[in-house]
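Asks: Take a look at the letters that make up each chain.
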Amino acid sequence: MSIIIQKEGILSTVQDLGRSGYRSSGINPGGAMDKIAVRLINILLGNDESEAVLEMHFPAPEILFEKDAVFALGGADFDATLNNKNLENWKSYFAEKKSVLKFARKNFGTRAYFSVTGGFEIEKWLGSASTNLTAEIGGFRGRHLQKRDRLDFKQTIIDIKQKFNYKIAGSLIPFYNRFPTVRVVAGAEFELLEASSEQFFSRQSFTITQNSNRMGFRLEGAPLKLLCNKELVSSAVSFGTIQLLPDGQMIILMADHQTSGGYPRIANICEIDLPLVAQLGANDKIAFHIISLEEAENLFLQREFELNFLKFGIKTKLHR
Amino acid sequence: MNYKIFSLGDSALTIEFGNEISVELNGRVLRLAEVFDKRSFTGFIELVPAYSSLTIFYDVFTVRKNFPEFSTAFTAVKSFVEYALENLKVPQKIDSKAVEIPVCFDRESALDLDSLAAENNLARQEVIEIFLSQTYRVFMLGFLPGFAYLGEVDERIAARRKTSPRLEVPRGSVAIAGKQAGIYPLASPGGWQIIGRTDVELFTPNDAEPTFLQVGNQVKFYSQNL
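Residue numbers (this note's numbering), protein chains in the order written: chain A, 1 to 320; chain B, 1 to 226.
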């Protein structure tokens, strides 16, 4: 009733949509970097969209099914095979007991997600199954998955009539690419940028440096300057906040960001485009396009409507 | 009352009362936080009090659905905040619980005490005495689970951040940066000047209230050999 990690990956953790309600204690929400990928594959499997999944980086682990299961992959494409047969992302498959899931090569993206129908048996901490690596708690024993770790399925008996082989429509999948232009809303200190820096910000692209992880992505590009050097007392920051560091370079705060910060807030990446950022890696490039808050909200709503529609459609199919 | 309200991305807004460490501004933050703690709105997710600002996170979808009379979720939440600010009660009954914390100042724990003393032209013992003479307010929690920002540290022992942060500050380290003091609940990289160490558990993940210190607490340190 479980899977076993046969070969360890570089950073595989249990994640869900994050832990809310504890930022005021300094406990960040964490959760999957690419939340849309998680929601899509969970919806596809008929799971609650916040069901715990595995987030994997490349090299990804080798996974043995100890029991029959229906599963799906999403996010990055690491050239997955099940018993040496090629698999596609965003599609539900049936794995017979003793099947082996492997990932051969990094075709695209940085973070791949793996979910099973019914989900994994994970003890929640503060309402979430996400792994908090800093505090070493949550997820699977507060750490990344190692060889011989065993994750139990919640569902003990698989319904043989359970349906699979469904695929999510391409139009719902984020338009991932290595050089995305992402939409942002101007931040509190945007107007403190010098005019030329304002132009740089929205006309140039910035490179993701090696110094990038689940906490944040350090960018490299033409340095930005402020009209005056403003010292800020710490205040809340969020997933997607773009801060300007004293050396004129920017950092994008990612899922494991600290709850508060004191650097000028240039902009915030719109929720709808965060998945595009989450799939970037070192040497990829990013450009920013400023939109109004109203536009950002409308894009947010539109995507929620689409997801609700998908949820409804899949429920109808799975229960027919 | 002066304040600014701005968005923090598409799912949060910040109310900023100023940009300084002051008991008065922090008091306003906590009073406003209390309003939403007691009675929030549909779509409210959580709030984050900071030195002189409060940030409210909300679910755009739910706010828009429940308050269609507003053109955006931002304007809806902003109007709730403005209403709350107009009706903000003056008498503050915030948690000003007194908390005592033992600190060990031995050389093994107080990694930067000598250099901090030298930089401020004080003897080691003088720094300790000045530090212990004061009661500190918890202005906010952030940075790490249970990390409390305490203020204000006496001018005479204020300290610059280290130019290159330590890769690992030991758990329980009591440290100073500028006129702020803090305690590292976990081992972590950090750039504050370490003047001592406590064995109090600041982060207790399995408790319903996972942090030892809460915003508004009054902290008094005392010397103890560990």
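Treat the hints with care, as some may be off.
Unchecked claim - Keeping only pairs whose Cα atoms sit at most 25 Å apart, straight-line, the calculated DSS-like set for lysine-lysine is:
1. Lys-167(A) to Lys-225(A)
2. Lys-315(A) to Lys-65(B)
3. Lys-230(A) to Lys-4(B)
4. Lys-147(A) to Lys-97(A)
5. Lys-147(A) to Lys-106(A)
6. Lys-162(B) to Lys-230(A)
7. Lys-102(A) to Lys-85(A)
8. Lys-167(A) to Lys-85(A)
9. Lys-225(A) to Lys-315(A)
10. Lys-225(A) to Lys-4(B)
11. Lys-7(A) to Lys-67(A)
12. Lys-225(A) to Lys-162(B)
13. Lys-97(B) to Lys-65(B)
14. Lys-97(B) to Lys-162(B)
15. Lys-179(B) to Lys-230(A)
16. Lys-98(A) to Lys-124(A)
17. Lys-65(B) to Lys-311(A)
18. Lys-4(B) to Lys-97(B)
19. Lys-317(A) to Lys-163(A)
Stated by the list, open to error - If you want a taste of the chain B side facing chain A, the calculated C-beta under 10 Å gives, among others:
20. Ser-7
21. Gly-43
22. Glu-46
23. Ala-117
24. Ala-118
25. Ala-123
26. Leu-141
27. Phe-203
By construction, these hints were calculated from the structure, which means they are not laboratory data. Glycine is no exception: its CB is placed at the ideal position from the N, C-alpha and C atoms.
Asks: For a quick check of understanding: which of the numbered hints are violated here, in increasing order?
Replies: Per hint list: 1, 9, 13, 14, 16, 18, 21, 23, 24 and 25 violated.
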